[in-house]
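Given only the sequences and the hints, what does the whole structure look like? Please build it.
Heads up: the protein sequence lines correspond to chains A and B, in order.
For the first sequence, the working numbering gives the first residue as 1, with consecutive numbering after it.
For the second sequence, the working numbering gives the first residue as 1, with consecutive numbering after it.
Hints were generated in silico from the structure; no laboratory data involved.
Beta carbons are placed, not taken as given, at the ideal position from N, Cα and C, and that holds for glycine.
Hints may be right or wrong, so weigh each one.
[To be verified] Residues from chain B that face chain A, not an exhaustive set, calculated with beta carbons under 7 Å:
hint, residue
1, 80
2, 176
3, 213
4, 243
5, 259
6, 260
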Amino acid sequence: MRRSFNLFLIILLLTGCVQQSILDDIQMVTIIGYDLPDEDKEDGLIKGIAVAPQYLADGKIENNVFVETAKLSKEIRSQYNSKSPKPIVSGKLEVAMFSREIAETEGVTGLVDTLHRDPSIGSRVFLGIANGDTEELLSTNYGNVDTGTYFQDILKHNSKHGMLPETNLHSFLYSYYSEGSDPFLPILDRDGDKVKITGIGLLDGGKMVSELDADNLFTFKILQEKFSSNDSFSVNLDQDKYAAIYNIASKRKIEYNSREANKIKIRGSILGVIKEYSGKALTPEALKEIEETMEKDIEKRGTKMIQSFQELGIDPISLGNAVRSKTRGEFDRKKWIDEYKNMDISFDMNVKITESGIIE
Amino acid sequence: MSGPVVKDQYKVSPFLVFYLVHSVQVGVGVMGFQRISASTAGNDAWISVFGAGLSLHIIIFLIYKILNKEKGDIISLHKNLFGKWIGGLLSWIVIVYFVAMSITVLRTYIEVIQVWMFPDLNKWLFGGVFLLLTYYCLSGGFRVVAGISFFGVVLPFYLVLTMLFPVFYGHFQDLLPIFNHSVKEIYEGVKGASLSFLGFTTLFLYYPFIKEPEKSHRWAQGGHLLTTIMYTVLMIVTIAYFSTAQLEKTIWATLTTWKIAEMPFVQRFEYIGIASWALVILPNLCITVWAGGRGIRRLLKVSQKSVTIPLLFLILVLSSLFAKRENIDLLNEYTSKVGFYFVYIYVPLLFVIQYVKSKVVKAK
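Structure representation (structure tokens):
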């Protein structure tokens, strides 16, 4: 009896042996942003912006913005803490934004390292590049929502149902460390009291070297992902005749043969339905015309895109991995990029329109 | 040639060997064995893991051959083959190995909690409480240990389902081309994978505790087969999920794949996963400490209870002495190295010596 009582006592006494994080007593940062400091104070300094929502009793959400400048991003955190009434934790981080300046000059590698190293940060955290002033982008109130969740929702639904390919922390790290693939990140910008995805930035290692605007994302997604769906594309047939095609399912196949090592053929195919048509009647001929125009348009955009990738020596559509999976022996990144620059890469598109809505 | 006599009431059914073998294998190794195999065998690491698993089926077969003939445990086997002094020395080495294994398991698990959940966790306190629980199980004797290992397999088995999350992010073309590495590289990968398979050699000590031990052979093979399949699938998923250089940077690949898990009721699955892992670690500790204690009991002819408490204290103190990542890594490396040679060299050697000796005795 006495023994079991002692045991019980030990168990009771042990409950306080690690630091507790009670939800009401912490500040959960949902979005962080990094920028270079405004005036050139010292080299190597980073400005960190963290936004933590506070849920008030009347249902309102207040976004607390912390801005600090320091050498290391974790050092910034201890400075936030000195300003915050509650300890700041990063376990619920949803989005991390880097300013265009950082992405283009210093690269994001060092900053991504802190996210990668921290066990409390999930692999689903979205990464993005902020166009314009990062501090302004993050400190704006976008209605009665928590800023981090707002950004996350935009990125999440667009990569699930829209034109954006998956760009979370894990996808970034996979491409970053992969020999046959280069990462890319969405570019976000403030548009009045909303946030808009304006395109994607293409990275070489950790540095942004080029970008694609929003119009090209449809084509990019077809080139990049094996399967994609749920985005629409508009075709200009004549000056005043156009059609909008909604992508139900698209597929991408990379054909490569090690015997013809200098040639890659990318075959894309789309199953689509017509959502809008401005012409008179949708005859079978008109359908055929739409299909062909769309094929040509995408092929043209795609080929141009691939050519610019080759010139820049980047491989965001991970052709390298496709080649590596069919090449025996050691795969060397440097050698591959050299070969890739002079490769004959062709892009062939096949569009099939299956339905045209509920009217003829 | 006869081992210790164990009363029927202390024996366990043959099918429990399935859980005893499986639960002692799945421990801390599975949290991060992928990196070690993949560092040499790259995208062929799953072949290494599968190869390691298959080769150990043969070793288990040999262990049963040895024990069925001996009808005892490794202590009596050593005594019969090498005499009292050399045999005793070898037995002590085996005991030290089991104790070292329990230290490795406990310390690595505490490290995982410290890194992933609570950096300020007191290793003495946590280790003390966990060993108290171990003592509680051990004080019930071997039947309770077998029962704990049953629960240690069944209760956290749902964690197998978490292998599904990374599948959606898998790049399965990373597995191609198959056999892109030399035999030597794949063999190095086998060595790296071995820590996560070790522990089943505790069979050498609990064999006399099995009812109709000959019948338990297929259960032992079955338990090991489950481990082999699980590890191979896990390795395939891991290779597809990570790129090669990314995997080399990732210390606990299995735990890192949990970071992608998304469920409506929990933001960070690792916390649930690591906490559930306590149930996997407990039978691991119980079996190895029991094996160590049993060995000492047999050698010194004292009661096992009086051995267990000092042994647990020793484990607590020694495991807490390792403070840094490199030291813990080194401990893991040495234990797995010793285990590797124990399994692949010493067990076949024992088999040969026993065979030769029995022929010689017969000839006389």
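To see whether the hints hold, each was checked on the structure:
| no. | hint | in the structure |
| --- | --- | --- |
| 1 | 80 | violated, 42 Å |
| 2 | 176 | holds, 4 Å |
| 3 | 213 | violated, 36 Å |
| 4 | 243 | holds, 4 Å |
| 5 | 259 | holds, 4 Å |
| 6 | 260 | holds, 4 Å |
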